[in-house]
Amino acid sequence: MSDAKDEGTIGITVEFSGGLEMLFSNERKLSLTIPAKDEDGTRSNIAFLVRHLCDTVMKDPRKELFVLDDTVRPGILVLINDADWELEGEDKYEIEEGDNILFVSTLHGG
Amino acid sequence: MSDAKDEGTIGITVEFSGGLEMLFSNERKLSLTIPAKDEDGTRSNIAFLVRHLCDTVMKDPRKELFVLDDTVRPGILVLINDADWELEGEDKYEIEEGDNILFVSTLHGG
Amino acid sequence: PPQRRWPLEANEYKRYGRQLIMPEIGLQGQLRLKTASVLIVGVGGLGCPAAAYLVGAGVGKVGLVDGDTVEESNLHRQILHSTAKVNMTKVESAMIALHSLNPNVELVPHQGRLTPETALSTLQHYDIVLDCTDTPASRYLISDTCVLLGKPLVSASALRTDGQLMVLNNPPLPPGNTSGGPCYRCVFPKPPPAESVVTCGDGGILGPVVGTMGILQALEAIKVLTKQPSASSNDSAPADPPSLLIFSAYSNPMFRTIRLRTRKLKCAVCSAHATVTPEALNSGSMDYVQFCGTVDPVDAL
Amino acid sequence: PPQRRWPLEANEYKRYGRQLIMPEIGLQGQLRLKTASVLIVGVGGLGCPAAAYLVGAGVGKVGLVDGDTVEESNLHRQILHSTAKVNMTKVESAMIALHSLNPNVELVPHQGRLTPETALSTLQHYDIVLDCTDTPASRYLISDTCVLLGKPLVSASALRTDGQLMVLNNPPLPPGNTSGGPCYRCVFPKPPPAESVVTCGDGGILGPVVGTMGILQALEAIKVLTKQPSASSNDSAPADPPSLLIFSAYSNPMFRTIRLRTRKLKCAVCSAHATVTPEALNSGSMDYVQFCGTVDPVDAL
Ligand SMILES: [Zn+2]
Ligand SMILES: [Zn+2]
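Those sequence lines, one after another, are chains V, S, E and P. Mapping the first sequence onto this note's numbering, position 72 (from 1) lands on 72, and the numbers just tick up by one. Mapping the second sequence onto this note's numbering, position 34 (from 1) lands on 34, and the numbers just tick up by one. Mapping the third sequence onto this note's numbering, position 285 (from 1) lands on 285, and the numbers just tick up by one. Mapping the fourth sequence onto this note's numbering, position 22 (from 1) lands on 22, and the numbers just tick up by one.
Don't take every hint at face value.
Below 27 Å or equal to it, Euclidean Cα-Cα: the simulated DSS-like pairs (lysine-lysine) are [as the list claims (entries may be wrong)]: (1) E:Lys266 <-> S:Lys92; (2) E:Lys227 <-> V:Lys29; (3) P:Lys190 <-> V:Lys92; (4) E:Lys264 <-> S:Lys92; (5) S:Lys92 <-> E:Lys190; (6) S:Lys63 <-> E:Lys190; (7) S:Lys63 <-> S:Lys37; (8) P:Lys266 <-> S:Lys29; (9) P:Lys266 <-> V:Lys92; (10) S:Lys92 <-> S:Lys29.
The hints are simulated quantities; they were obtained by calculation from the structure and are not laboratory data. Remember, predicted model here, so these are calculated numbers, not experimental data.
Same shape as in the complex, but just chain V (with noise of 0.2 Å):
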């Protein structure tokens, strides 16, 4: 869906698992272009991200079963190019060109 490569911008690949498709008109992947930078002209990051996917992205008015306190709510997990968050800096990984990025809700039935 992006255009040509574009300074200011970077292609990424946005996808949802677990349940959490439903806060994004059932879709489980897509494709995004986002700022390079943030507001502050700083390199965006995973906080910048989530933000975005907010304010810009999701429909669904149930911000909260989405993110609490400014950041991702307890029970998803955040996965860049299929490994955990925390192993990359969590919210302040600096987002890079075709990065793959994964929020899985955590499943509890049985």
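For chain V, the structure is supplied; the task is to place chains S, E and P with the ligands on it using the hints.
What follows is chains S, E and P with the ligands alone, placed relative to chain V:
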């Protein structure tokens, strides 16, 4: 296992599954450095890799369980970066640095 | 059976409620399952879990093909059978267990192995086929028959700690139509040398490995049977691109999905140049055992 | 039970022959299974297939914990139960089916839900624990207890068309030893808001999805129990790096493996700064239901 990058060689990963690993000392995954060009000076392709595996890597004497008529025997799928080699030009596919080549023997048990 | 257009019975809402409420199934999906028929060829390590979950899900009719009897060495992985049923036929043993799980499902016994002479007449009464057998000869026979009859095929296999799964001939378009899904011969035009073929008896098999592949066959069958028509036409939405799921219990990652080729332009069964025909099958002139070869035990891997 | 050092009985060679001949199991692995004990907490959609394959494989002792009775709405996915067993306790129903599958396995019933007061005394008699439950409160309780007792934990869950699987506290080293595997609290330090938690009753569940996760729990337990000691020492070979298997039946690929973090330096249970202790658990001062919160049904997702 490969040394610093060399113009004359290519570093690839070769994997075996479905029982073929038994022909390769029970190794399921090998990091290999192969010549970038074959005996005739053309770029190394899958046909060359198969010969190379037979001649220099495979210790098991039962070559006929891996090759037949100078190509992989029937019942072995060759997968280039997770796609059937039929999609990539079969044994004429020219190998690139970092490629993952997977040899899978079909299973018949149930 | 005729399509039923009235909704479910009261007890069916209760029994299937947990899958009915999902958008992927819904009432329409449950009705599709109820009017559907599935043939399971082989009631062993793959066929037992596949049958249990299809019968649990409320498929209308399930046929079971097998010529073997239950042996004690089956029980570690063939969970429909039990110690008391050793020496009973596998078909009979499975029917008892499946009937007690869900009496609403019609179960059809097909005692004996599938042969070229019986394949067409057996498979034609079903909507989809599960290949849960264990030899190359039966795999080619079942795939060829599915192409000739236009049935999708869910094919799985397992050995030692590895498993494989493919949905073939999906969509099941006539031979020569390149939009149809590839068949077993498209992927494996020639059978493997007989001395490279290892059976579960010779090579061993870990129960949960073959069990996982069998359950996934049930899942793929349910996905095919309940697929919702696309909004724009009466046809079903396009099938998933052909792929092979590879399972390796001791590798990391355990599962890999491989993109497969489309139909082969020279395939002996599903192409415009097909040489395998219903007449050839029915006449008994196709010798699958010969095609796949036999092996002197001394040479076996 | 005391370690048995003599080889198997004649009928055991026959019954387990197909897994015995594999190098990954072998006679030593079969003997390890025979002397091992597994506790399965929850005998529902996950616990049924997990128990069937562990009992099939010849684990010496299998304990079953559940406080529920069989309902008709369970049967599409809980394949050890059957129509005639509706209203029987799940533990009793499962024991009948498992005993008929393999009478050589000792089955131990634990009727009732696990509570903070019973968790330590129940889990301490087993070598490995399978979390097949369906609420956040039970998942934290089981994980905490496994860390305190030094037991590896195979945790799985499923909802709608998705499933998840983790092997936790593996290796099960004492709290504070950073070489131990992460626990459930390392991965999820805080419980999810109660209104975000969806049960299978509310959200639905596809039978083969939860079945696949349950069988994979059996597989992971067998892998942990039969792991061969490394050649250089008496310790077992290093455990696989911690990972989360994500299953999504309608995605392509269906399976993904995610690398997880190691033990969290400030984990409330498995770190040097642990605050969850055996005394706290036994005293009943830990309120897991309170910790995980409750929800007014109107607010539920
Ligand atoms: Zn074909
Ligand atoms: Zn921890």
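Now for the hints, and whether the structure bears them out:
1. E:Lys266 <-> S:Lys92: holds (20 Å)
2. E:Lys227 <-> V:Lys29: holds (20 Å)
3. P:Lys190 <-> V:Lys92: holds (20 Å)
4. E:Lys264 <-> S:Lys92: Roughly 18 Å between the alpha carbons, so the hint for E:Lys264 and S:Lys92 holds.
5. S:Lys92 <-> E:Lys190: holds (20 Å)
6. S:Lys63 <-> E:Lys190: holds (18 Å)
7. S:Lys63 <-> S:Lys37: holds (24 Å)
8. P:Lys266 <-> S:Lys29: The given pair, whose Cα atoms are some 36 Å apart, is violated under the 27 Å limit.
9. P:Lys266 <-> V:Lys92: OK: P:Lys266 and V:Lys92 at ~19 Å, within 27 Å.
10. S:Lys92 <-> S:Lys29: Cα-Cα ~23 Å, so holds.
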